[in-house]
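Just so you know, the protein sequences line up as chains A and B, in that order.
With the numbering used here as the guide, the letters of the first sequence map in order to residues 1 to 174.
With the numbering used here as the guide, the letters of the second sequence map in order to residues 1 to 391.
Treat the hints with care, as some may be off.
As the list claims (entries may be wrong) - Quick list of in silico lysine to aspartate or glutamate cross-link-like pairs, DMTMM-like style, CA-CA up to 20 angstroms:
1) A:Lys-17 - B:Asp-275
2) A:Lys-17 - B:Asp-198
3) A:Lys-58 - B:Glu-33
4) B:Lys-367 - B:Asp-275
FYI, nobody ran anything at the bench for these hints, they're computed from the structure.
This is what each chain is made of:
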Amino acid sequence: MQSDEKLVNACLAGSNKAFEVLVRRYERPIRAVALGVLGDFHRAEDAAQDAFIRAWEKLPGLRNREAFGPWITKIARRSAISIAQRQVRIASGNCRLVQAIEKPDGRLESDKQRLLAAVMKLRREQRQLIMLRYFSRHSVKDIAQITGRSVGTITKQLSRARGKLKTQFERAGK
Amino acid sequence: MTLEDKLERKLEELGDTIGSGEGLVNAVMNQIESSEPVKRPESVLLLRRIIMNSKISKLAAAAVIIAAIMIGINSFLGSGTSVAFADVIQPILDARTVTMDILIGPEGRQAVIHDEVMGSRIRRTVSNVQGTDIIIDLEQMKVLALTHAEKTATYIGLDGLGKMPNYLELLQDVVTRMQNKEEFQIEDQGLQEIDGHDYIVFVAESENETITIWVDPETVLPVRIKQKTPNMQIICNNLQFDVVLDESRFSMEVPDDYVVQQAGGIDFKKSSESDFIETLRIWAEIIEDGYFPDSINLGDIVKNGPKFDQAFKQANLTKQQEAEIAMRWGQGLVFIRFFKGQGQWHYAGKGVELGDGNTPIFWYQPKDSETWRVIYGDLHVEDIAPDNLPK
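Next up, chain A with everything else stripped away, as it sits in the complex (with noise of 0.2 angstroms):
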């Protein structure tokens, strides 16, 4: 398994191959991201693309390059926003970015709608870890080294990630 800091050294000398690598393993939590803002599919699904191909063209100004998840997701989110608000503006009158997502055509289940909109309050390296576990199915070896941390790190990262989605799903459950 690949770190993200390598492929995004081998997309900069070049390699559109490894720039796949990084959609292929990213393309779950993009969409999530997405999805919490847009709470629709198809739009998250261009919010998605969209940012990928940012994240494309912006590459070479990213520093710190093991960071890449982190970044790609901010890319995603500020992509959501900009797409909920050009919808905004065509429909107006309806000022929420984030709408209730219950219907079944494109829309989340409710209660997938709340474990996602949980999942995003996290803190974001948090939030990067459980959307590389449980949406895009790594193992934790993986994950340690996609983002270059030890397996003892991130299994303690993704513990207390666990623990504190639990707290808010008890707080739902009241």
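Position chain B relative to chain A; hints supplied.
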């Protein structure tokens, strides 16, 4: 099921709902591939230019023949040992210094040619030949062979190769070729792990040639280049740039206590069948005891370099005779190294005795010709229709 288990399951279900698939990946990659190249740092452009440069191959071929010819020259000059060798990566010549190992022929059984490059000059040694260094000056198109045991220094001219482009010109050319991508289809294979190291791998393929380049992702410099054509494979290994080298090692001046010899030169513009036939004759008569060589591939020539020396010693030739014959032998190699016919040439001389008029040993199709030229063991030539070619 604990709350934590439930949470994990719900997270996974959420991930599945968000889903994946080729849609997003394909959309992103298609857009990237079809978009205008994004401006990258200079190092990145440099890599791209090196990778996409189809001229590498042509210059490699040019340099390889220099090397092949010098093998003969060295040996014929009675160095007691030497073989010399190849230049593969012209684009790096204008880097301040470069060192590399060159392997010609099938992997695992070649002699290693070690090159030190400083500007337009190369200092070259070969692993299976001790005691001879070759200094090549690509500006003056001249070679100086130093045989240390006998303290002889031999100048050899290399006419007709034309001006070798400098680094900048080459890069400009590469950029144009990159944009057009006419000759090569480039496949980016991404990161690959080899012997515990990660390399970016690019494969450039044309009709008759495949060039694979391994690049260090940290330095964005190539560390290994493999060039494969139907008749030859060259691997350029352990590439290192800007190594500190002593300038005096590249001097074309003869050391004080060395005796100077003139060997004449090779004309690279002259590429004729008759010269090649003369090469075959010398090969069989002088080097192989009346039989044609098993192979005329460059890699085998390098591997068998010391054999040339030995053969000349046994032939009891004068230094002047050795030099003259070496030049004639080398001149004929231009024919196969800069082959101008159609498709590939074929060699079948292994085990054939010089004088055997019934056995074809070499055949090729000249450009724009419907028939083939077939050379037999007695070195007569016939024009043969494709249907009647040797099997």
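These are the hints, each one checked on the structure:
With a C-alpha separation of about 48 angstroms, the suggested pair A:Lys-17 and B:Asp-275 falls outside the 20 angstroms cut-off, and the hint is violated. With a C-alpha separation of about 14 angstroms, the suggested pairing of A:Lys-17 with B:Asp-198 holds against the 20 angstroms cut-off. Distance check on the hinted pair: A:Lys-58 and B:Glu-33 sit about 16 angstroms apart at the alpha-carbon level, within 20 angstroms; holds. Of the supplied pair hints, the one linking B:Lys-367 and B:Asp-275 holds, its CA atoms being roughly 18 angstroms apart against a limit of 20 angstroms.
Taken one by one, the earlier hints fail for this structure only at number 1.
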